[in-house]
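Trainee: Take a look at the letters that make up each chain.
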Amino acid sequence: AQSVAQPEDQVNVAEGNPLTVKCTYSVSGNPYLFWYVQYPNRGLQFLLKYITGDNLVKGSYGFEAEFNKSQTSFHLKKPSALVSDSALYFCAVRDRTGGSYIPTFGRGTSLIVHP
Amino acid sequence: NAGVTQTPKFQVLKTGQSMTLQCAQDMNHNSMYWYRQDPGMGLRLIYYSASEGTTDKGEVPNGYNVSRLNKREFSLRLESAAPSQTSVYFCASSETGGPRETQYFGPGTRLLVL
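Line by line, the protein sequences give chains A and B.
Quick note on the numbering used here: the first sequence kicks off at 434 and runs consecutively.
Quick note on the numbering used here: the second sequence kicks off at 3 and runs consecutively.
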């Protein structure tokens with residue numbers, strides 16, 4: 434079985450400050466991990482993914498995420514937040530060794546960046 | 003290259019009415035998906051299709067039917083709409099298997115059932 438948790442419904446950060454959106458996962462084997470972003474009244478857009486290799490993954494719009502196998506985490510980070518980063522962020526996981534290729538999505542974290 | 007398109011963008015139905023949500027992708031993807039998004043619930047998978055001619059139930063299939071018309075199109079039908087089906091519906095597509103599984107989402111259909 435696979436599952437993903439986003440422990441914060443909302444994250445507030447001031448513009449220019451670093452931001453972190455948390456994600457933890459559970460899989461039987463090794464994971465594929467994804468982050469997506471949803472702007473108001475839009476569909477989800479792919480940000481970045483971890484497949485294998487380097488634990489630090491860089492994605493679109495200056496975002497990055499660090500895969501930590503021991504803590505089963507894949508937190509999304511950005512060194513300096515912009516007001517335009519305000520959106521809903523979803524983490525997703527797929528067990529690479531499972532029979533299904535369907536990912537499981539977290540419930541989403543609303544990021545609010547204050548001017 | 004339009005990506006994933008959905009029609010309609012918005013729909014109001016009365017309880018018991020039926021409707022079909024249309025989805026098409028032009029990326030030659032094998033897999034297509036239907037999700038619903040409700041506040042505080044995240045994305046929940048309704049149905050998916052691994053390839054043309056195959057469909058499978060997801061987490062919340064009750065009250066819905068799907069048709070994979072061809073490789074490009076995947077429609078979602080509500081035979082008898084209920085207020086509990088008020089939601090935002092997203093279609094997505096992806097390659098199947100391995101690192102290419104990034105999903106591409108349509109803009110969504112907002113459905114209100116009165």
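If you are wondering where the hints come from, they were derived from the structure by calculation, not from laboratory data.
Some clues are possibly wrong.
[To be verified] Which chain A residues face chain B? A few, computed with CB under 10 Å, are given here:
#, residue
1, Arg475
2, Gly476
3, Lys510
4, Pro512
5, Ile535
[What the hints assert, rightly or not] Not close to chain A: a few residues of chain B, all C-beta gaps over 12 Å, as computed:
#, residue
6, Val6
7, Gln13
8, Lys16
9, Ser20
10, Leu45
11, Glu54
12, Gly65
13, Asn72
14, Arg74
15, Glu75
16, Thr88
17, Val90
18, Ser96
19, Val115
Don't be surprised by glycine CBs; every beta carbon is placed ideally from N, CA and C.
Trainee: Decide, hint by hint, whether the structure agrees.
Mentor: Here's how the hints hold up against the structure:
no. : hint   : result
1   : Arg475 : 6 Å, holds
2   : Gly476 : 4 Å, holds
3   : Lys510 : 20 Å, violated
4   : Pro512 : 24 Å, violated
5   : Ile535 : 6 Å, holds
6   : Val6   : 7 Å, violated
7   : Gln13  : 15 Å, holds
8   : Lys16  : 24 Å, holds
9   : Ser20  : 24 Å, holds
10  : Leu45  : 4 Å, violated
11  : Glu54  : 16 Å, holds
12  : Gly65  : 20 Å, holds
13  : Asn72  : 21 Å, holds
14  : Arg74  : 17 Å, holds
15  : Glu75  : 17 Å, holds
16  : Thr88  : 16 Å, holds
17  : Val90  : 9 Å, violated
18  : Ser96  : 9 Å, violated
19  : Val115 : 19 Å, holds
In this structure, the hints that do not hold are numbers 3, 4, 6, 10, 17 and 18, in rising order.
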